[in-house]
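Since the structure of chain D is already known, use the hints to place chains S, G and B on it.
Next come the chains, spelled out residue by residue.
There are 4 protein chains.
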Amino acid sequence: MLSPDLIEEGSDVLVYIDPRRKWVTRVVKGKVFGSDRGTFRMDDVIGKPFGTSVNTSMNVRAYVLKPLLIDYIERGFERRTQVIYPKDAGFIALILGIGPGSRVLEAGIGSGFMCSVIANIVRPNGKVYAYEIRPEFAEIARKNLARLGLDKYVEIKIRDLREGVDEKDLDAAILDLPDPWDVLDVVYRALKPSAPAVFFLPTVSQVEKLLEAIERHGGFVDARCFEILLREYQLVRGAIRPHTTMVGHTGYIMFVRKVLKD
Amino acid sequence: MLSPDLIEEGSDVLVYIDPRRKWVTRVVKGKVFGSDRGTFRMDDVIGKPFGTSVNTSMNVRAYVLKPLLIDYIERGFERRTQVIYPKDAGFIALILGIGPGSRVLEAGIGSGFMCSVIANIVRPNGKVYAYEIRPEFAEIARKNLARLGLDKYVEIKIRDLREGVDEKDLDAAILDLPDPWDVLDVVYRALKPSAPAVFFLPTVSQVEKLLEAIERHGGFVDARCFEILLREYQLVRGAIRPHTTMVGHTGYIMFVRKVLKD
Amino acid sequence: MLSPDLIEEGSDVLVYIDPRRKWVTRVVKGKVFGSDRGTFRMDDVIGKPFGTSVNTSMNVRAYVLKPLLIDYIERGFERRTQVIYPKDAGFIALILGIGPGSRVLEAGIGSGFMCSVIANIVRPNGKVYAYEIRPEFAEIARKNLARLGLDKYVEIKIRDLREGVDEKDLDAAILDLPDPWDVLDVVYRALKPSAPAVFFLPTVSQVEKLLEAIERHGGFVDARCFEILLREYQLVRGAIRPHTTMVGHTGYIMFVRKVLKD
Amino acid sequence: MLSPDLIEEGSDVLVYIDPRRKWVTRVVKGKVFGSDRGTFRMDDVIGKPFGTSVNTSMNVRAYVLKPLLIDYIERGFERRTQVIYPKDAGFIALILGIGPGSRVLEAGIGSGFMCSVIANIVRPNGKVYAYEIRPEFAEIARKNLARLGLDKYVEIKIRDLREGVDEKDLDAAILDLPDPWDVLDVVYRALKPSAPAVFFLPTVSQVEKLLEAIERHGGFVDARCFEILLREYQLVRGAIRPHTTMVGHTGYIMFVRKVLKD
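Protein chains in written order, with the numbering used here: chain D, -7 to 254; chain S, -7 to 254; chain G, -7 to 254; chain B, -7 to 254.
In isolation and in its complexed conformation, chain D is listed as follows (with noise of 0.2 Å):
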C-alpha cells in the first residue's frame, strides 16, 4: 500500500493468474514463484512498474499488482483469531465517524484486521489505542500492522480492558470482546461526550444482554443493531449467479453514543 509504483526487491505484490489463483508475496531477488499453473522468477518483474505480467513456465499469463488493503485482509495477513470480514469492517469505520487525526480505542486486536482499517484512516495524525489481553494476537497484530506500514499509527497495550484505559476524550470505540458489558462504564469514562461505540457481538443472546446493561448504565443513547450480508457473484458471461455457498453469519454490530449524564 505504502510501496512504491515500480516492484523493487522486498516490495510487497499481488501475483493475480484467475479468480482463485491470488496470493500476496514478498518479492525477493533470485526467489522463483510457484503455483500449480507454472512459476516464473521474481527477478523478470523487479524494476517494471505494478500492472505488468509474465507467462509462467506453463505459459500461463501471471499479473503483478500492488496489493491493496483488502488483499492484505483477505490472503496477506497471518491469522489466529476470529476476525471482522471486510463486509463489517468498512461499514463500521463508516459508522464510527471517524477521519484522519481521530483518537480511537479498540479492545480487543485480534488478528489486527479491523484495526489496519481504522489506522489507515485516522494517519498520520490520528491514532488507534488498541487494548488487547493476549500476547500472542498482540504479537501478530503488530506483524501484521507493521507490514502494511500503519505500526506507528497504533498503540497496542497488553491489558484488560476492564482495570482502565489511559487514554481520555477519544472520538470513537470499536469493542470486539466476549463480554463487552463489564468494560460499558470503563469506554463511557474513555470517550468524548458525543462519541460513537461499535460492540462486535457474533451471537443475538450477547446483544440483548449489552442492550440490558446499556439501558442500566444510562449514559448512552441512539442504540442501533446491524447486520450485514454480503453475496459475491460467479462472474462468467451467460452464467451469472451468486457463489453457491456464502458466509451467513459473522456478527451483529450495535452501535451506541456517549451521553452526558446529569
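Be careful, since some hints might not be right.
Where chains are identical, the list cannot tell them apart; a pair therefore holds if satisfied intra-copy or between any two copies.
When the alpha-carbon atoms are kept at most 27 Å apart in a straight line, the in silico DSS-like pairs for lysine-lysine are as follows [unchecked claim]: (1) Lys21 x Lys201; (2) Lys253 x Lys23; (3) Lys23 x Lys201; (4) Lys21 x Lys184; (5) Lys253 x Lys201; (6) Lys201 x Lys144; (7) Lys21 x Lys253; (8) Lys23 x Lys144; (9) Lys119 x Lys149; (10) Lys14 x Lys40.
Rather than coming from a laboratory, the hints here were simulated on the basis of the structure. Model, not experiment: these values are computed from the prediction.
Okay, now just chains S, G and B, sitting in the frame of chain D:
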C-alpha cells in the same frame, strides 16, 4: 464533524429524542427547536458540550449531539438523486484501498454521499476529481460537501466523462453511471497501473453488459461483483427482531484492477 | 381453486392487467368490473374458459384467470392480523411432513392463511384442528376458508390452548402464539410420538425463551430454528433487479419432534 | 412416512443423537446400528413405538423416530444431481396451487426431490408426469420415490421434453431444465388455460433469456421471479446465532400463467 466540542451559534447538531426522532439541524441564536415531542430554545444549549441534554416543553429529554458523517448521509443532506447507501459506501471505500493522500476519480457525483465518504478519508492532501454531467446535481453535492467542510478536497467538473479526464495516475475510481461500458477506456487511461475501479450498477443486466465490455477491453483483471444486504434490528428488550421492512436492493458493486496491456 | 373450468356466475376470478394490477373478485351477472385502466362487463366473460381476456373501456387487455391459493393469500383474503407469509407457509408445510390424511393441530388460526395451506394438503380425509382464542379472528378465518371450499377440512374451536386439546395422536402441530412456552405440555400430549411441531415466533427473544422451555420440558428433540428471506425481482428486459424494498422479517420458524419420555 | 406407528423389521427410521448425528436407515433384524457415539442392536427397538430411545454402547441416548419427507430429502435419498432444496420446494409447491388430485408436469426429475414433494401433495388421485432425458437419473428418482411409497403417483418418461408431452390440460408445470426457452410452446400446449408454470434457473442470465422467450411467445402472463434465502440458527442457550456458513444461492424461481391467445 469538524465542529468544535462546545455547541456554538452556527454549529450543526444532531437532536436525538428516540430512534424515530432524530434531526440534523443548525444552531441559531433565538431560534426554537420544535418537534411533536415538544420544543426547546436553542439558546439553552449554546456553550454546553456536545452530548448534553435538555427537557422539551413536553418534558421529554432531547439529547444534543455532534453529527457524524453517517447522520449527514442519513438525514442531513439534501438529496435529489438515487444515492449510494452507507452499507455500500463503507465497503466500496474499503475495497478501493484509499487513505489520506489518495487521488480518486468519481463519476457521477449525484447528491455527493459517496463523495463525502471518500473525501473524508483522502484528506488533507488527497483529492476527489468528480465528474458530473448535470449542473443541478453538482450544485447539490457542492452544498452538501461544504456543510461538512469537505468541499476543499473535491474538484467538481461539470462534464461528460466520455469527453475524457484531465487527471492521470489516479489511485482509484468509483463510477456510478448508467452506461459505464462507454467510459471504460477513459477510466483505464486515468488510472495508475494496478489501481482499482468500482462500478455501482442497479441492475444485473448492466453487470452482464459491463462484464462483456471489460473482457473486450482487455486492460482489467480480477473482476468481482458483490451485493450487500443490511438488516437493522429493533432493539426492544424481550422483543429483539429485525425490522419488518428493509432495503432489498440498491445496486451491484463491480470491482476491477487496471493492468498494463502488452 | 375448486371452481369449474368455465367462468360462471359466482366464480372467483383473478383479473390480471399488469404486475401492479391484479385483483381476486367474484363474477356477478350484470356487474361491471372497474379499474384505473378501464372497465369491462362481467357478462362478457361468463361462459368463457379461465385464461380468456377482454379489452377494457380504455382498450387495455385484462386477463381473467382462475385464482390460485397464493392469489387468495396475497389479495383475496380478508385480514385483520399479522399473517404467516407464503415464503414461510410453504416451508412450514414441507417440514411438518403432512400429506393427504394428516391430522394437524393449529393455534392460533389468525386470518386463516397458514390454515388454508395445510387444509389444502391434508384433504380430503385429513383435518386441521384449529384453536383460536379470539372469536372475531375465528370468524374471519372461517369466511376465508369457506371461500376456498376448505372449511370442511377444518374444525375451529374458540378456546385457549392452555385449557387443553380434545384430540390425541395428531400428526403435526403448528403454533403461532405469543407465549408458546405455556402450552408445551398441551402440545406434547396432543401429538403422536415422533410427530413434529413448528412454532412461529416474531422475535429472537421468544426463540431464546422457548428453547429454554423445550430443554426444561424434555419431551422434544432435534430443535431447529430457521429464517426465510424472499426477494422478488423486477422483470424488465435489460433492467432485471431485485425490488428496492422487501419484507426483511416476518418470524423465526422453530421445529421440534416429540419423543417418549422414560 | 407411510410406515406404521410401531417400528417393524423393514421400517425406515430416523436415528437422532444430536444435531450433527442424524441418519435415515432401515431396520433389519439382527443388525447393529453403529456410529461414533456407540452402537445399538436394532432388535431392541423392533416392536417399540416410533419416538422411543435406546442407550448406545457408549451410553449415549439415541432416539428412533419416524422419518419425515424432509429427512429423506436431507439425508435419506440417493443423489447424483443438483437438487431443488427444501427452501425452494415448499414455496414452489405453494405457488403452483396444487392439491390432492392435481395433475402436474415435471421436467427434469433429477434425483426426484421436487417430485416427491409434489407427489406427496397430489396423491391419491393426482399424478406427476415426469420427463427426464437421462435414464440413470430416472432410475435414481424411481428408487427414491419407491422408498417413500410415492412411485405410484408418478409416471416417469425417459424422453426429451422438446419432443412433446402426451398429456393435456395439466394443472401445473415445474421445469428444472438448462434451456427452458426451447420447450415453452410444449409446456404451453400441455397446460390447462390459466394454469401456472414454474421454472427453476441457476443463473440470472437464464432468467433474462427466458423472460425474452416468454415475451416473444405471448401465451403467458404475470411473470414473476423469486429467490429464497434460508438461514438456520445454532440453538445454544446464551449463544444463539445463525450458522457461520449458509447456502448462498440455489436458483431463481420464475413463475408464469398460461392465457389463451387470440
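Each hint tested on the structure:
Taking identical chains as interchangeable, the C-alpha atoms of Lys21 and Lys201 are never at most 27 Å apart, the minima being 55 Å within one chain and 42 Å between chains. For the homomeric pair Lys253 and Lys23, the shortest alpha-carbon distance between copies (25 Å) is at most 27 Å, but the shortest distance inside one copy (62 Å) is not. When the C-alpha separation of Lys23 and Lys201 is checked against a cutoff of 27 Å, the pair qualifies neither within a copy, at 53 Å, nor between copies, at 41 Å. Proximity of Lys21 to Lys184 under the C-alpha cut-off of 27 Å is restricted to the inter-copy arrangement: shortest distance 25 Å between copies versus 50 Å within a copy.
Only within a single protomer do Lys253 and Lys201 lie at most 27 Å apart by alpha-carbon distance; the minimum there is 22 Å, versus 33 Å between protomers. For the identical chains of this complex, Lys201 and Lys144 are neighbours neither inside a copy (36 Å) nor across copies (44 Å), given an alpha-carbon limit of 27 Å. With identical chains, the CA atoms of Lys21 and Lys253 are at most 27 Å apart between copies only, with a shortest distance of 25 Å across copies and 61 Å within one. Taking the shortest alpha-carbon separations for Lys23 and Lys144, neither the intra-copy value of 30 Å nor the inter-copy value of 46 Å comes in at or below 27 Å.
Taking the shortest alpha-carbon separations for Lys119 and Lys149, only the intra-copy value of 13 Å comes in at or below 27 Å, while the best inter-copy value is 34 Å. For the homomeric pair Lys14 and Lys40, the shortest alpha-carbon distance inside one copy (19 Å) is at most 27 Å, but the shortest distance between copies (54 Å) is not.
The structure is inconsistent with the numbered hints 1, 3, 6 and 8, although it conforms to all the rest.
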